[in-house]
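Residue numbers (the working numbering), protein chains in the order written: chain A, 926 to 1372; chain B, 6 to 955.
If you're looking for bench data, these hints aren't it; they were derived computationally from the structure.
Glycine included, C-beta positions come from ideal geometry on N, C-alpha and C.
Any given hint could be a false lead.
Computed beta-carbon distance windows for the label pairs [said to hold, decoys possible]:
hint: 1; chain 1: B; residue 1: 547; chain 2: A; residue 2: 997; range: 41 to 49 angstroms
hint: 2; chain 1: B; residue 1: 504; chain 2: A; residue 2: 1321; range: 39 to 47 angstroms
hint: 3; chain 1: B; residue 1: 392; chain 2: A; residue 2: 1353; range: 41 to 49 angstroms
hint: 4; chain 1: A; residue 1: 1115; chain 2: B; residue 2: 537; range: 30 to 38 angstroms
hint: 5; chain 1: A; residue 1: 1367; chain 2: B; residue 2: 52; range: 27 to 35 angstroms
hint: 6; chain 1: B; residue 1: 294; chain 2: A; residue 2: 1353; range: 50 to 58 angstroms
hint: 7; chain 1: B; residue 1: 537; chain 2: A; residue 2: 996; range: 53 to 61 angstroms
hint: 8; chain 1: A; residue 1: 1321; chain 2: B; residue 2: 581; range: 44 to 52 angstroms
hint: 9; chain 1: B; residue 1: 734; chain 2: A; residue 2: 946; range: 23 to 31 angstroms
hint: 10; chain 1: B; residue 1: 886; chain 2: A; residue 2: 1321; range: 48 to 56 angstroms
hint: 11; chain 1: B; residue 1: 547; chain 2: A; residue 2: 927; range: 31 to 39 angstroms
hint: 12; chain 1: B; residue 1: 247; chain 2: A; residue 2: 1321; range: 13 to 21 angstroms
hint: 13; chain 1: A; residue 1: 1154; chain 2: B; residue 2: 543; range: 43 to 51 angstroms
If you want the building blocks of each chain, they are given just below.
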Amino acid sequence: MTPLAWLVLVGVGSPAALFAILAAASLIAPAAPPLRRPFTARREQWTARIAGAFIAASFVALSLAIAVNGSATRLLSYGDWSASREGGIAIEFLVDRLSLAFAALSAAICGVVSAFSNRYLHRERGYNRYFVLLAMFVTGMLLVALAGNVAVLFIGWELVGLSSALLVGFFHERPAPVSNALRVLSVYRISDAAMLSAAVMLRSIAGTDSLALLFSGGIGAVSTVGLTETSATIIAVLLIVAVAGKSALLPFSSWLPRAMEGPTPSSAVYYGSLSIHAGCFLLLRSAPLLEHAAGARIFAGALGLATAIFAAIATRVQSDVKSSLAFAALTQVGIIIVEISLGWYTLAFIHIVGHACFRLLQFLSAPNVLHDLHGMEDAIGDRPHAPSWTERLLSERVRRRVFLVALERGFLDSILDRVIVGPFTSIARRLSNIDRRLCNAVMPGDD
Amino acid sequence: MTQAEPRAQTLKNTIDALAHLLPAQGPISIFIHHNTLHALEDLRFEDAVVRAAGQLGTEPFLPEARYRDKLATGRIRAADVETLLREQLGARAGHPVAATGSRFELWRAVALIGIPDAAGRELRWILDETDALAGRRPLWHACLQAVARAGAPTPAEAPAPVRHRDWLNAVHGIDVDAWFHPPLIRFLAGYLDQGLAQWSIPGRARGIHGCFLELYSTALAAQCGAWARTLPRIVDEDRKAGRGALDSIAHSLAALDVADAEWPAYLGAELLALRGWAGIVRQIEERPDRVPARDIMVTLRGYLAVRLLFERAALDEARRAIGFTGPLAGLRPMLRAARPEPPVRSAADRAWPLFHVAKLRGLDAPQVDQWTAAQVAELESELRDIDGFARRRILHQSFERTIRYRFYDALVQHAPRPETPAPAFQAIFCLDEREESIRRHLEEVDPGCETFGAAGFFNVAMYHQGATDAHPRPLCPVAIRPDHYVAEIEEGADRLAGRSRRLGRRAAGFLGYNVHLGSRRAVRGALLMTLFGWLSLVPLILRVVFPWLSSKWAGDHDSRRRTRLLLDRPGAPTAPPAIGSHSGFTVREMADIVRRVLEDVGAAHRLAPLVLVVGHGSISLNNPHESAHDCGACGGGRGGPNARACAQMANDPRVRDLLAAEGLGIDPRTWFVGAQRNTCNNNVTFFDEDRVPSHVAALFARAGEALEVARRREAHERCRRFDAVPRWYPPIAALAHVQGRAADLAQPRPEYGHATNAFCFVGRRARTRGLFLDRRAFLVSYDPDRDADGAILARMMAAAVPVVAGISLEYYFSYVDQTGYGCGTKLPHNVTALLGVMDGAQSDLRTGLPWQMVEIHEPSRLAIVVEAPRERLWRVVEQNPAIARLVRNRWIWLACLDPGTATLWERRDEGFVEHTATGRLPIVTGDSSDWYQGKRGFLAPVSIVPGSAA
């Protein structure tokens, strides 16, 4: 293996190892008396130290990899995870400037968040669980960033989604976090289904699930694998649906404010900083495919623009700090999608990095909002008035409508409930009734 | 019309009477500790908590298992439980109960060992799957037979549901609250918002109900949820009929068929369904001056009207869902008929407690076989008297007694330290229990000093506007509305520098505001993020990874300006100030303030050449409950300006002349210096240092040095309670540690605030000097020898007792039920409308204290010991109805320490009862750290005597 391959292996492997170690510790804990006592500061310290060391190792390795790799694009293969006649699942990483930079950024941000969380979650029940999920998340983010084929991408995508939903439901003794976690998870499933369909299509048409050609080969490469514009558009649209679910674009946006149930740092790293940009990043990676599919590009641009406008209005009326930040973040995500669809890739990437850092800080200090606003008021000498021309331009009647729509988050929840959830559950209920009747016929008497 | 008006009045009165059920917590940025169950103070504490448990679904005491742990570790003494039982059972103690021995024996066994709660399926599982019956099957069968002999059980009265929602939930499992609460909360938070959202709600001046009617009468409102189909119609009908809030409520109640007699019960249940939000509505209605928004018109009836409109729409849909076609009025009678019968207690359920009693009392199967039906009935009724609540009550009382008596023991056994004849300097602190430690350390560092405790507003009730404050803020106990407005101004030759500093601050403020705002906008936000976003990594890493460093930098640039407090009433009549009725104080008023402070603490006749007046406050980051750590006597504000004003008044020659003429001579060489201590990072700031005359400069330097050492030691003592700080932590690092905490974004426990408070001592410091009280005692200075008529005691108790009782009880409730009374863990808190916090994405507004603030607390009612003759104390208490009520109903414990001797009497129902010391007070030689170093948990009081070297 080349030094670069080693560096990338350490970069991705150390969060994965961290995940394995912490998860194993959780599993063993009930059986091992020294680990069983919940609130020991010692155990917390060890968890935090190990987490810090592994994430730092990952960051250092990935930074070195950037230096070693330069501007080249390489596909690193680490062998097959499974193999069959039709081709198996290979462990492959696609390494270029974009993927390594995003991976290093993810590691750095997760390192800061892990330092933050160590103190923030001190003495909290579920401290260890939190760090297990955080490790799962870093692993997922790095896999998404560096994936060399659809299988690896999908595994990363799933790890991000699963850890996200589990952290939304972190406080599972209350009903609201659990139901909101389920909501998040179900939107993610739609997104996953779209992504899986795209992968299957790609494989059946192009005969490969490698992303190397797709992500970095340019237009020529895309056409060489035999994609027509129509099939490219279909695959791209499916990808955009996957992106829309993960990055809370319309019409899925309503899950984002609902996801603010976990501890503050988890909301920060997922919905302020990294997970929310995973979709943008994927779209950025698939730029060559998009360039081959003009219709999909327009679709993505329109979706991004609509999301940005919707979120910019919604954030203006939110009266709690976390929802307000959620829609503010979504506004920028929408704009980033527009930038990608316009082909401004570098700008989009800088935008992602800047936004991820800034919003992370803003989310982490969300509980400080009273202190901050008070400080600004004192410095300015009076309560600052936000001059809002949008507000002044509209008539009272229109303003009321707009306000209500924004307050109710575009009624997206009830629309989704009616259009998707309702029919789905009614089918499920019918199937369940049929099932019960069948069972009763076979085994009467036992309910 | 003539009939409608009294009806509306009745409705209004009903709502006003119900409002007392709601939490009385105001906006979170002015956090004032209060008794969570203030409304029930007319009841005995023990009855009130049980009543509240029924009304609010909260816990009255800790879980029984927690008390059993405390029994096992000796935190509760079994002997105390026995004594208490004997006291409470009185003559009934000896009576035999149903052939199980005396009542005392039965209660003792049940209280100390307990009966595991189990019934129904759980019990069946226990019987089938565990060895609960191991070796005792005959006894179990005997118990089952005894139950069978006793005949049918008395049916338990299950409380009937009140609201339509409760009925639907009980019968069909449909919870309409879950449907309409989310939009209701969004609307309400949007309406009440104090500046978090950029757009304020349209039509805000119309009041909650009026604004709602305008906003929700469009057809769009039907999209609020699948349940909201009829919402626009209901709202529009209300709007067209031109109903006010009260009319709307009456109309809704009529539509729901709620009879007038049922109003209190029904509306009470409605209010409690979202009691945090309803509570803040009530608070703003009563004190609109406490919130900045001026264009809102908040009424509880407006909220109720909106709530009922939402609810009617949701009920309409629920009615459709269960296939009921009649009007809403007929819904409850229909559901009542469909309500399932409550399950009957099975024989096993009834035999289970009997089995445990038999086991505890050492009975065997043949003996149980002897029980007659009447005896079983008697035993069952006796067991109802000593149910879970009763057991927890007794255990809790014993627990408190153990804590309280240890304090009493210490007070009677501690040898009073004679007052220093000529103290080098004196320091008056707030009576706050967090000052107990710094006072002790200061006295240990410099034995020549003397400390006092007084209510931390030092009798200066004012609106204060600091030189860098945008608005004035009241600094006095919440019961007082100040008349006086006092401004702080920058002064000195460096006017130009001051001006440029102000401009710089303003620019920084605008920059911060524009970043705050811009980050939420689309185009501006995109520019900001793309160009400067990565820059935020710097503060991020600094604040999170190196908090102590950032605290250093932040602290450096603020201390350079020189300011003055404008205390004098302007000579010429001027325009009245923005708030309050006068600017500044007259000399007369100042003299009265100074006299009162000096008389209260008993220092008027023996002033040292230097007197420090030290207020306190607390600054922390990422902490919505920041204000809860500030000074309670300053109404949740920082007491530095009060200390400064008090010192400045006492230094004023005109004030001294006036006082001297009235017999209170202050030596012209005596000087007062005001200061503020930040209880979080332990910084001490002195005010007007430049005015300290040269003849006390040396003394001031000595006091400053002593305070410097004391604050380091105090930080060290505080660190022992932080779990993340190792036990061996060296004193030298402790100050940096607490400073780091205060500047750390990631720190949910910047300080522990009032946690662990348990006692209050009113009397001479001589009685407590050298006594280690573990930061648990409020210390109020009072000289019983100079107050024959009790006037000083009366005014002091009136100011201090409500504050300390409020703190103690708020901590009690927030600890005992962290979700019902407290606001749970801080981690998912979400600041809403700048008024309070919600859990996560959306919830009821959470009142009370977060778990991170109270986690090391011990829930016990405050024990107040007053050093004064009994007759004087009781006279003072009886003259103050509020305090008398607290004492009589046992919301606080009151005891009296005889000034001359070491006798202590506790106030009980039968009068003052002399306390006999049980343990011996240990003596530790050296200083406080010799006792606390390396220890984590609660520490018993000890006498600390200086080492022989001293």
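Margin query: Checking each numbered hint in turn, tell me which of them this model violates, lowest number first.
Written below: 1, 5, 7, 8
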